[in-house]
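**Q** If you want the building blocks of each chain, they are given just below.
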Amino acid sequence: MTLSNLSDKPIGVIGAGSFGTAIANIVAINRPVWLYARDEKVVAHMQTTAENRGQKLHPNVTITNDLPLLARTCDIIFPMVPSASFRTMMKGLAPYLHPYHILIHGTKGLDIQLPEGETLQSISSLNRSQVKTMSEVIREESVVVRIGCLAGPNLAKELAQRQPGATVIASKFQEVIQIGKRLLRNDRFQVYENSDIVGVEIAGVLKNIIAIASGALSGLGYGENAKGLLISRGAVEMVYLGRALGGEVKSFLGVAGIGDLVTTCNSPMSRNFTVGYRLAKGENLPQILASMEEVAEGVNTIQIAKKCADYYKVRALVTDRLYKVLFEGMTIQDALEFLMRFPLSADIDFI
Amino acid sequence: MEILEEKKNKNRKYTPILDGISDWPVYQLSKNRKEFVEEVAQKSLERVLELRPTRKQLIDELEATVYREQNRIKRNRWRVDPKDEGRFWSGIKNELVELSAHQDDSSDKPRELTRLIVQRYAGEIAGNFKPNSYRVTRAVVKFWFTRLLNGARVKKFGAFFRNRYTLRDKIHIVGKVKMLRKLAKQGTVVMVPTHFSNLDSILIGWVIHSLGLPAFIYGAGLNLFNIKIFAYFMNSLGAYKVDRRKKNLPYLETLKMYSNLAIQKGAHSLFFPGGTRSRSGLIEKQLKLGLLSTAVEAQRNLYLESNAPDVRKIFIVPVTLNYHFVLEAPDLIEDYLQVKGQDRYFPEQDNYGSFQLIKFLFKFFTKGSSISVSIGTGLDVMGNYVDEDGNSLDAQGRPVQTRDYFVSNGTVAIDRQREDEYTRMLSQKIVQEYHRINRVFASHIAAFVAFEMWQKKHPKLDLFSLLRLPEEDLELDYQEFRETFKRVRKQVYRLKDERKVNHATHLKGELDLSIKRGLENVGIFHLKRPLLRNKKGNIVTQDLSTLYYYHNRLVGYDLEQFI
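Sequence lines, in order, name chains Z and H. Residue numbers for the first sequence follow the numbering used here, beginning at 18 and rising by one. Residue numbers for the second sequence follow the numbering used here, beginning at 84 and rising by one.
Computed footprint of chain Z on chain H, listed as stretches where at least three residues anywhere in the stretch have a Cβ under 8 Å from a Cβ of chain Z:
| no. | segment |
| --- | --- |
| 1 | 476–483 |
| 2 | 498–504 |
Here are the computed distance ranges between Cβ atoms for each label pair:
| no. | chain 1 | residue 1 | chain 2 | residue 2 | range |
| --- | --- | --- | --- | --- | --- |
| 3 | Z | Ala101 | H | Arg577 | 29 to 39 Å |
| 4 | H | Glu417 | Z | Lys267 | 29 to 39 Å |
| 5 | H | Lys583 | Z | Glu133 | 17 to 27 Å |
| 6 | H | Gln515 | Z | Arg48 | 36 to 46 Å |
| 7 | Z | Ala101 | H | Leu476 | 24 to 34 Å |
| 8 | Z | Asn301 | H | Arg577 | 39 to 49 Å |
| 9 | H | Gly592 | Z | Leu137 | 37 to 47 Å |
| 10 | H | Gln515 | Z | Asp364 | 36 to 46 Å |
| 11 | H | Arg551 | Z | Leu137 | 45 to 55 Å |
| 12 | Z | Glu210 | H | Pro136 | 20 to 30 Å |
These are calculated hints, taken from the structure and not from any lab test. The beta carbon of each residue, even a glycine, is placed where N, CA and C say it ideally should be.
Just chain H, same shape as in the assembly (with noise of 0.2 Å):
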């Protein structure tokens, strides 16, 4: 297979914005981990006692956690869970009945147990960066990269020890750069990426250290950290951990204390704030408001403490990740079709191990097939757009101060009735940025058009008989695609003069390459291709629900109406 190229890539290296590792927040947060994760489960507990004030509504919750945190042991255990879990939710358990058993007793027991309960939380969710871990990382992963894309692409003896390709050929940043780099050195920024694969945290762990910014902290999901190797990296780059069998309001709080609090302190942070990888392939409509919650909230507290003029800003910065393949794809689309419609648990099932990753990572590095990072203009808190110093905008270009937003009656006020709307105000926000700066292949139109072509041809049948038809009946005249794929770019072309959306370069030229492209990169790796030509030239699909994961990425642009 021919490797398409980007249009000459003018990514260029970075300069670290801070010399040593020894200056990175993320290192000193390490450093001083137990004091931090001490203050977490101090802070926490605060909260948690706040929100439940009576004695028997905190020992309701403490119940209610009690049974759920034993019902995931009985019924969902993973392997990076402790050892002595089992010991330590039945020994919360007696105290608990022995409490219920003396209901005249008034001591602090309830909330001596809810201590040790957000302690254990805090300790679990904290992250563990180690410096030496970092670069040792760091070092392997630009080393393997490196020789696999040489090895692979220059065929001469001799080629796999050249450093002609590097991972920066592969891998498209582009977007404001520029601006992300100012806003890290004078800020704590906040990146909100789109989640489509696994791949990502690796991803964009190396799109961070490539841009010579510090490692960010971020909010991992724990069932990753099963995998041995994923592990490995996200220790090393500064991960903390979110479980998401816990819904319990002890482990909630506690997580959310620890993102607010790492902010406050200057970290900059990442999180998908779509929650879970999107399963059916739209780009993220609805935002999990939970984690985003604690940037507003960390922004006020750090008005709160201060009156200068030069509180520490919190940037928020939205980025798409655009693929031609997720190797997910099948199972998640499959995921998504069977709960459709009804809103039941998403079981976390990871089909891949360490192996298939490393061999989905070989093919990836010597088969072509690029990935693109846009990075998007940054945003205070309230969703306003920031200029290269960091000041806040209005829509009219006019400078607001971002301290006015938390303001009632002159001074600087908490209102977390207040604080939840501005959340949701900002992640509609950053949706909307996400449509912006995502970036259109020419294999997501491919994906587009061709089921967009077929839903149309079957206008009687729903989307589930629709997928149910045989795929052998399914094919398309090639002309009659050509043409539609040309209505569709020119859709594409004229929304981005608009600045609703961006594209890759390789999109423009001419038509049947283009085409080409598109067909030969839609879901490149998978078994079964999403879409081929057959020997007439037509256009035929092995696997039609896989075809639609990968036509979701453009849907929400109104292009429908052009097929």
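Chain Z with its partners taken away, still in its complex shape (with noise of 0.2 Å):
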């Protein structure tokens, strides 16, 4: 399939955060977009400035803020929503979508569904009945079968700036990567294929708690011996859980896994970098929540991930301890003490 044979019906893109703006943007080289926000302020400075997060709008961007146009106009639909608010989002697109069309989600994050009465704090352990990834969200709300996924060191600033990087777009089917890939691919953003869609998608999710780790070793001043242990046994780590959460190994390797894991590790400024940086400084939790504006991503994430870990009998040393630190009242110190003092001995033993 080639894209002069796409339709010309415009692309949709719901969500106006940074990173949905960035995809708007590079997709709009191409094609014509239709960029969805549903804060009508935003929408209204968008439309009167053409610009939004500090990046300026492509002039193949439409503003719109109405749900059900957008699904009757476009057939290729990238949701870039917070995890926390996807579902909902889902529930409100999903009668307007039919089998045909095509979503492809850059959201890096878990759904969780939990019995009534019990928070993400008090559940023992978690299974994947309640653990659910932005595809599996698509296909339990709506009609949509045919679903994508985008991820990979994708910092929104670099790519406004059309610095040079990669994404890998995940899929199982051929037809969706193909389309991804006209829409996205140009001269300064390489996309990569990949079928195992859950794999990538949890490779995204579980690189934040990876993140904090390395946030915390740079509080406590450690240096790039520390981070390379650091990446490559987290690395390894991921794909303990990752398999058990239905992923395939290579998706770990690849511009998804490995990738972002360097990028998230290396990026001082981001907020699950800054939890685990203030935490090494001698912070704790609730002090560090009070203080930034939106909720790190990986937190969570690791609330979840250990209790996976549990239910499946998955040995996830970094996050058992990060667990320990954020919510047991833990020192960084013991932890990182404990982690240095566990005899292990196979490097590698999942190849």
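Since each chain comes alone in its own frame, lean on the hints to assemble the complex.
**A** Structure (structure tokens):
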């Protein structure tokens, strides 16, 4: 399938966060784009200034506040909303979707469905019937089956500056991968293919845990050896957890796995990194969260991953220690000491 | 042995949905058999050429096919194989040798050879539905079954000729019968039952007839045609032949094309998507996608051919067959244990000839032990539930257009990779439905509980070491067994409330009676009984492997934690 026989319908992007805006701009190089924002003030701001979150909007981008109209107008939609509001957004969108729609999401996060009266803190373990990736949420809430996902080292700021970068587009459907590639690829943006969508989604989530650990090492004043150790062992832990949650090993070794992991562990500006850094400086979680505008995704991810690891009996040492630091009052120093003393032998045992 | 009655059977007789046999799609197919076989061959040829586009690829494929076929003839010949096979394949081989001798030859030869091969295959596969023999079979089966039932159950002179009991008292059909009948009137039904026993084929044939549905075409393993009595039944029921020894590309494509075209022409079809009988006794977890994909493809072709809103829809109907007893269980589980962990070829052996089968049928009809057949809710080819009018519904109950799944850029398109994925999704849905409509019998719980208790008492032993324990050493205290049975039964009730499983009505009621039913019926006719009570009243086994087989029926519901 070539771009020329893609119909001329505009491409939809839902969510005008920094990543959503960046993707809208990239697609707009090739095609007309409709960008949806929920907040009317944001819509008005974009319409008057042709700019959002410090990014100038491409002239091909049309701003809208009308979700049903967007679904009717666009066959191909990129949902780019935070995981916490993803299901709600899908519930609102689903009545207007048809099986011919193609959804390619770029949300790194998990959806949790808990029994009545339980919270993420109180529940003792979690399994895959309670933890869903975004593609699974799309399947549950709508009739759309042609689903894809974007993941990889995609810092919105660098994308906006047209620095070189890459992404993975994952889908069970070649059709979706090819369309995604045609829409996103340009001379500054490389696009790789993967058929293991769940693995790619999970890789994008789990790396947040290691990012917090990376911030913590940095906060303790350690250097590059420690970081090298963390990233390589962190990758192994992601493989263990990812396998238990239904991903394939190879997805964790690619752009969405190692690629994203290295980027995140080296970006001191990210929220996850900051949480770890401040923990190491002696603050506790409530203090840190009180002073942050948005929740660092990694804090939730640690709870989910820890409880899944318990359920599936996976050894996830870094996750487990971070959980103890965040929620059970262990100090970062003790956690590190535990990890350094833990008797381990095999470097890699999953290939 | 006492006959264990189900609750008063509500099964009634259904009137046929089509009046005469001449209206049946399967009859139309067989009337035009020659043309149909020719069409299958033609389209299969096209498909093979599409898959092997270059001359070299095609010749390689043909050489591989000939090699395998000659090997099969040498090593594994069956009674049903045509006599001229040897000659045919050596003929093809000679032609191929000649081709390779003349490298510069660019004639149409490879194509012609492929045509010969697929034509031969299409002829082999094609069923031979004959209305007269169908009627005879139907009458014979009904007559003898009724005689057997009445003769055995009413102990009075002359009972033999009464009609007090019919097969419907023996085989319980539950579930979405009305829906199935309605769907069969407005679309094409593809029925996909679980497969545990060779008896399934006959049983399902009877079920289809007794629900008033026209005969279905179905792919029956060619090995069944080795048994003469089966061959007669099959031929008259509209079966086409699936030869699992033949794994070559031209054969598989021809087989799929046969099913595909028959479905497109509106012939209700049936296949066992597990591919072969479940060796382990587990409900199928992994389905064979080949034949299933023909339903998806047929539906796409129907949409491709017409833009009308009333394109004939294809409905997938999962069915589970529930037995207390599977004739072949000891051999099946033997097979399974032998190859577990290694992906070896299952030899298709049938240790049961016509005589054993009749003996079994006699026991079956004279000695209780009922069978139940659960009909699931209809699905479209995407695995969406449909309502009684055949409209597809999404999980929220909103209508869905099945056509839209095949649409790219506003038009219906062929995308084989996409359809492979759709087939996989459909198969997952079918497996899920199997578990949901599966009917738990008291005997299933008894087998499950006993085996799991023994496993728990020997936590250090793996499966194989456990099975090697001498049967004399295994004994369960009745009280302990009773308590566990009670817990598991309660859990089954809970799962039923959550609509995750179904159970037979006989399961309910007084606990000891339920257990008694269970114990008496587990593998009721095996020489060595999987479960018994000894003189002390405790639970013992004579055949742990077979017990394992029956136990497997309830694996997959997370019931282990209640042992």
